[in-house]
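**Q** First to last, the sequence lines map onto chains Z and L.
Number 129 in this note's numbering belongs to position 129 of the first sequence; there are no gaps in the numbering.
Number 265 in this note's numbering belongs to position 265 of the second sequence; there are no gaps in the numbering.
No lab work stands behind these hints: they were computed from the structure.
Be a bit skeptical, because a hint or two may be false.
[To be verified] Now the stretches of chain L that chain Z is said to cover, found in silico as 3 or more residues with beta-carbon under 8 Å:
#	region
1	36-49
2	240-248
[As the list claims (entries may be wrong)] Distance windows between CB atoms, simulated:
#	chain 1	residue 1	chain 2	residue 2	range
3	Z	L163	L	E209	53 to 63 Å
4	L	K218	Z	E245	31 to 41 Å
5	L	G177	Z	D33	31 to 41 Å
6	L	T249	Z	T249	20 to 30 Å
7	Z	Q99	L	E95	44 to 54 Å
Quick reminder that beta carbons are idealized off the backbone N, C-alpha and C, glycines included.
Given next are the chains, with one letter for each unit.
There are 2 protein chains.
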Amino acid sequence: MRTPAGNAQLALLLEVAGTPKPGNVDRHRDLGDLRFEHFLAGTVGTRRGLEMAENGSAVGSAFERAVAGMGDQGGGNTQFGALVLLVPLVRAASEELSQPVAEAVVEGTTVADAAAFYRAFEHVDVFVSDPPPDAEPLDVRRGTAAVPHLEDRGLTLLEVMELGAAGDDVAREWVTGFERSFAAAQRLATADGPITDRAAETYLSALAERPDTLVAKKHGEDVARSVTDRAAALLEADALSRDREGVETFADDLVSRGINPGTTADLTAAGLFIALEHEAIEI
Amino acid sequence: MRTPAGNAQLALLLEVAGTPKPGNVDRHRDLGDLRFEHFLAGTVGTRRGLEMAENGSAVGSAFERAVAGMGDQGGGNTQFGALVLLVPLVRAASEELSQPVAEAVVEGTTVADAAAFYRAFEHVDVFVSDPPPDAEPLDVRRGTAAVPHLEDRGLTLLEVMELGAAGDDVAREWVTGFERSFAAAQRLATADGPITDRAAETYLSALAERPDTLVAKKHGEDVARSVTDRAAALLEADALSRDREGVETFADDLVSRGINPGTTADLTAAGLFIALEHEAIEI
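So here's chain Z without its partners, still in its complex pose (with noise of 0.2 Å):
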């Protein structure tokens, strides 16, 4: 019986192995230095902080320990984005995975956790626009140097999930009740097929549906919206099973055009735990 820390790694390690996911690394592909092993390796380096979040350690510090071991490999971020959306989910686990309660998780969180999630940003580089002028004191990049600032004005990690919300689909989850991650789950319980073959397909769907944030902060909103409508034209097309060369086609331009949506992977990361941890699908 998977704990929900264990449950936690092996939907990472099923949203790597999931494929074709455009864009991302996969089964089949790598993304020049960033491989396959890298997001093996990230995935082995989770555990501690996983654990910490299953045993009702905060949500910051579990977040911190989690991050700090994901990048002990030479890829870089891996998996950031995802653990921004599993260690609140498996703190939620070790009570009830629910909606409402990952809201109420969220809502617990303190300046303390937001502290040692800006700590966290030291353990590994992680892509991040350029904050609003009045927000300098606060970007993410400053690490522990902005931590003094997020004491004086006390915000708790919720608040600075919701500053970012508006251009960051991960930080959106925290203030929606998790909403997108739960759609991913039900997606996965109701496609067919190997799981690799529906994480696959939930990554379509989800990109799809909303333009990639991480895609629109690398390259702008013109080619975040560019990628979901040609996913969506996929999709529509039923193209996973009617045209798979076409899928493959759309993955092998974004590599090569160095078009990577991450935020994307990261929700179906957080659907796939969900799922695991209902029950909904089986390995």
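Knowing the structure of chain Z, use the given hints to seat chain L on it.
**A** This is chain L only, laid out in the frame that chain Z set:
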């Protein structure tokens, strides 16, 4: 910093990700209903047992716990043989991972360890040959029912492995100071490229060196010998670099004939663990 239990899990993941590994599940091949995701779930499930070994628990009970967790997925036996090697090696690593210490670990096993080993066969369906008629009471497939007989004869787990060593190269590792596991670690250290390529090369070398005993048990000595001869010819021709197609053809042929050199994969996993622990490979 990964602990020995973490490195053992990473070794299991890298082993299954290594490709091409002719005849085994790898990043690019499933074997019918035995799929990549079963190896991922199996690996996650080994955690508690490996941590027991890391923390100095008896080899038998750590092994039984690791196997029970590994078997908690629908694919069947994924990593039983690899765990026969990894559990004593993890236990050794909690002191120092060297051949003499590993030998001392297996020499320290008891009748209780042997009983736990037999119980482990009740958690998962493992392929084994019929024993000689006079050894029938010790058939591992009898599981717990064989324990009184073990106790009557006062057999330790090392002595059980000695009985099996002639026809099983996993058991043989226990009586040779894990000779081929340490040799595989050496090869991994001196090979080139990403770890998953090195794993494939190490696997092919080990397969070329000695006929796989799982293949011999299932298909006979002649088939096992012909597989080894073909692996040796490919290795001699440096086919992984110069004739990748030849290796892929060999892989497809073994898969289609249901020939699975599982023992060689187990040795590769053990080699990966040793190389990770010694920091002879980095990820």
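**Q** Hint by hint, note whether the structure agrees.
**A** How the hints compare with the structure:
no. : hint                        : verdict
1   : 36-49                       : holds (count 9)
2   : 240-248                     : violated (count 0)
3   : Z:L163 - L:E209: 53 to 63 Å : 60 Å, holds
4   : L:K218 - Z:E245: 31 to 41 Å : 37 Å, holds
5   : L:G177 - Z:D33: 31 to 41 Å  : 37 Å, holds
6   : L:T249 - Z:T249: 20 to 30 Å : 26 Å, holds
7   : Z:Q99 - L:E95: 44 to 54 Å   : 48 Å, holds
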